[in-house]
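Residue numbers (the numbering used here), protein chains in the order written: chain A, 222 to 567; chain B, 796 to 1076.
Heads up, some of the hints might be wrong.
On the chain A side, residues computed to face chain B include the following (Cβ under 7 Å) [claimed, not checked]:
| id | residue |
| --- | --- |
| 1 | F274 |
| 2 | F276 |
| 3 | P277 |
| 4 | P294 |
| 5 | N300 |
| 6 | T301 |
| 7 | F303 |
| 8 | H311 |
| 9 | F320 |
| 10 | G321 |
| 11 | L324 |
The following residues of chain A were derived to be distant from chain B, with all beta-carbon distances above 10 Å [what the hints assert, rightly or not]:
| id | residue |
| --- | --- |
| 12 | M289 |
| 13 | L290 |
| 14 | P293 |
| 15 | S375 |
Derived from the structure by calculation, the hints contain no laboratory data.
All C-beta atoms in this analysis are idealised placements derived from N, C-alpha and C, irrespective of residue type, glycine included.
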Amino acid sequence: MEHLIQLTNICKSFDDNQVLKDINLYIDKNEFVTLLGPSGCGKSTILRIIAGFEFPDSGDVLFEGRSMLAIPPYERTVNTVFQKYALFPHLNVEDNIAFGLKLKKMSSGEISKRVSKMLELVNLKGFEKRSINALSGGQQQRVAIARALVNEPSVLLLDEPLAALDLKLRQSMQLELKNMQKELGITFIYVTHDQEEALTMSDTVVVMKDGTIQQIGKPTDIYNEPKNAYVADFIGKSNIVSGIMKQDCLVNIEGVDFECVDKGFAPDENVDVVVRPEDIYLVEPDKGKITGTVESAIFKGVHYEMCVVAADGQKWLVHDTTLFDTGSRVGILVKPFDIHVMKKSV
Amino acid sequence: MYKKYLSYPHLMWMLIFVLVPIVIIFLYSINVLSTNGTTGFSFENYKNFFDITYMKIFGYSLWIAFLSTVFCLGFGYPVAYILAKRERERLAKGKKSSTMFMLFVMPMWMNMMLRTYSWLTILESNGLLNTLLGFFGLPQVNILYTTAAVVLGMVYDFIPFMILPVYSVLVKIDPSINEAAEDLGASPIKVFFKVTIPMSLPGVVSGITMVFLPSITTFYISNIFGGGQIMLVGNLIEQQFLVANNWNFGSAIAIVMMVLMFLSMKIMNLFNKGNKQMAMF
Chain A
222 MEHLIQLTNI
232 CKSFDDNQVL
242 KDINLYIDKN
252 EFVTLLGPSG
262 CGKSTILRII
272 AGFEFPDSGD
282 VLFEGRSMLA
292 IPPYERTVNT
302 VFQKYALFPH
312 LNVEDNIAFG
322 LKLKKMSSGE
332 ISKRVSKMLE
342 LVNLKGFEKR
352 SINALSGGQQ
362 QRVAIARALV
372 NEPSVLLLDE
382 PLAALDLKLR
392 QSMQLELKNM
402 QKELGITFIY
412 VTHDQEEALT
422 MSDTVVVMKD
432 GTIQQIGKPT
442 DIYNEPKNAY
452 VADFIGKSNI
462 VSGIMKQDCL
472 VNIEGVDFEC
482 VDKGFAPDEN
492 VDVVVRPEDI
502 YLVEPDKGKI
512 TGTVESAIFK
522 GVHYEMCVVA
532 ADGQKWLVHD
542 TTLFDTGSRV
552 GILVKPFDIH
562 VMKKSV
Chain B
796 MYKKYLSYPH
806 LMWMLIFVLV
816 PIVIIFLYSI
826 NVLSTNGTTG
836 FSFENYKNFF
846 DITYMKIFGY
856 SLWIAFLSTV
866 FCLGFGYPVA
876 YILAKRERER
886 LAKGKKSSTM
896 FMLFVMPMWM
906 NMMLRTYSWL
916 TILESNGLLN
926 TLLGFFGLPQ
936 VNILYTTAAV
946 VLGMVYDFIP
956 FMILPVYSVL
966 VKIDPSINEA
976 AEDLGASPIK
986 VFFKVTIPMS
996 LPGVVSGITM
1006 VFLPSITTFY
1016 ISNIFGGGQI
1026 MLVGNLIEQQ
1036 FLVANNWNFG
1046 SAIAIVMMVL
1056 MFLSMKIMNL
1066 FNKGNKQMAM
1076 F
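Model the full assembly from the supplied sequences, consistent with the hints where possible.
Right, here's the structure in full:
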């Protein structure tokens, strides 16, 4: 099957700083793809290359199999929702949304029909004549989304569109965006540094670091089967400890053998072992595989976040609904399939 | 907490050096010397100004000020646009702001009279311009003491006042707004006409105010470039005070001009209403 968008061997440098190193990525129709990574990892640059605002030093951007590089941004069938919204301050809500349609010389009847449909979709009916400056951040965000979506693009690019909103608004907008994407059947390419946002909304998550792609996969795969310690650490809190792979399905951590489900490592290979804090069970000291002392305990709402220090000084982050008091001795248990063994990252 | 008394020196200053002189000028303007040597108050000086001779001078001043403003806008806007564009590109690359802009507004701090006089040596019949033209075998131009020379002088003197406010608005436009317009299907030319120009209007309005108002009332530019043959409202007022020694009539014209300026500033401000992106002035 032909991919909607395909990036092949994209490299890009600004002055001496190489921000993208040989990026290969394809995006299918109706997919919700999230580019996830810390600031400066090159995720926004990928978006800007697809939109046409940046030119790759090498490599190609294919759209339905044809190269897009020679096409200027104003002729591409993609639309962007900018990080700071970039609304036109000299136009009201209605004229902002109609901007793209007016350029297409659409009849005014058709324009007003489409604009009012969009305003309904983003819950801003009755705001037609409002000035942009009179809107709250969340409302401006909706106008920015409506302004892009009204052109019925084949791909919508979103550059950290929710970064400026407060937590509650952000969460409700996440759901709304996801619903819009399903309803309209438009491909979304979404850039964020918020791992929770990425996991909530996406069909596919692309984890990036320093201009390279670390892992591409479904949110559940990325979370449960991180490819390396970096991905594991970036996607949620993790315990990453060194271990030695004794044989298939047996890893030694701090001198204690743990059963696991990973295979294919060399005997006695040094590995990284990742254990999610919620996968650790705290038990009586004599029943655990490793014993330690609770150093701190913080109430987090649903669970307590506790830091357990093992005998050799290794710290374990534990999420549990029952509280173990600071200073008490506990044992640590992990189930075999909750142990993720990965090659040492260099 | 605001300490009101801190503003008293400023209020005193304004009172003594702004309000009191205006009141004195107003008193002069309604003071009429009658034939039997006694003085009385009437609005006769104002009535005299609305005479066809003076109205022609007034109309001519408006025309010259209009021409100067149009030329200042026509030349100043592109300059401001190019400077702002360069500056934004420099800032985007993290470079220091350029000195180019300083070069353009530096003449503002030099004595205007001096700069105006220097044009004489360029424009006079054996001046720099004609020497150069003669050198290339081109016909001589004698524009000194014509309307064209006065307009040239005004454009030269006042163009920084157009460039500065337009530039300061343009340089503040977020580059992502231009990108957004392009993203929505606007070619660079359309971005300019549909986004850049409308967004720079507050700067243009301040620029027009800063050029048009002084252009109406200037007298030294028309004196120097007009050689006494060009009579503008400014020259008229100057003449009434210094030559005709009729301070009362001169004051009346000055008051009329002040009212007109106040009104035109009010009108200009209407254009800025509702637009939060105010210009520098």
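Hint by hint, here is what the structure shows:
1. F274: holds (6 Å)
2. F276: With Cβ-Cβ at 14 Å, over 7 Å, it is violated.
3. P277: violated (17 Å)
4. P294: holds (5 Å)
5. N300: holds (6 Å)
6. T301: It holds, given that the least Cβ distance between A/T301 and chain B is near 5 Å, below 7 Å.
7. F303: Constraint on A/F303 satisfied, holds at 5 Å.
8. H311: Since chain B brings a Cβ to about 4 Å from A/H311, closer than 7 Å, the hint holds.
9. F320: Hint holds; A/F320 Cβ to chain B Cβ min 5 Å, cut 7 Å.
10. G321: holds (4 Å)
11. L324: At 4 Å from the nearest chain B Cβ, A/L324 passes the 7 Å test, so the hint holds.
12. M289: Answer for A/M289: holds, closest chain B Cβ roughly 14 Å.
13. L290: holds (16 Å)
14. P293: Non-interface label on A/P293 violated, nearest chain B Cβ at 8 Å vs cutoff 10 Å.
15. S375: holds (14 Å)
When each numbered hint is compared with the structure, violations occur for hints 2, 3 and 14.
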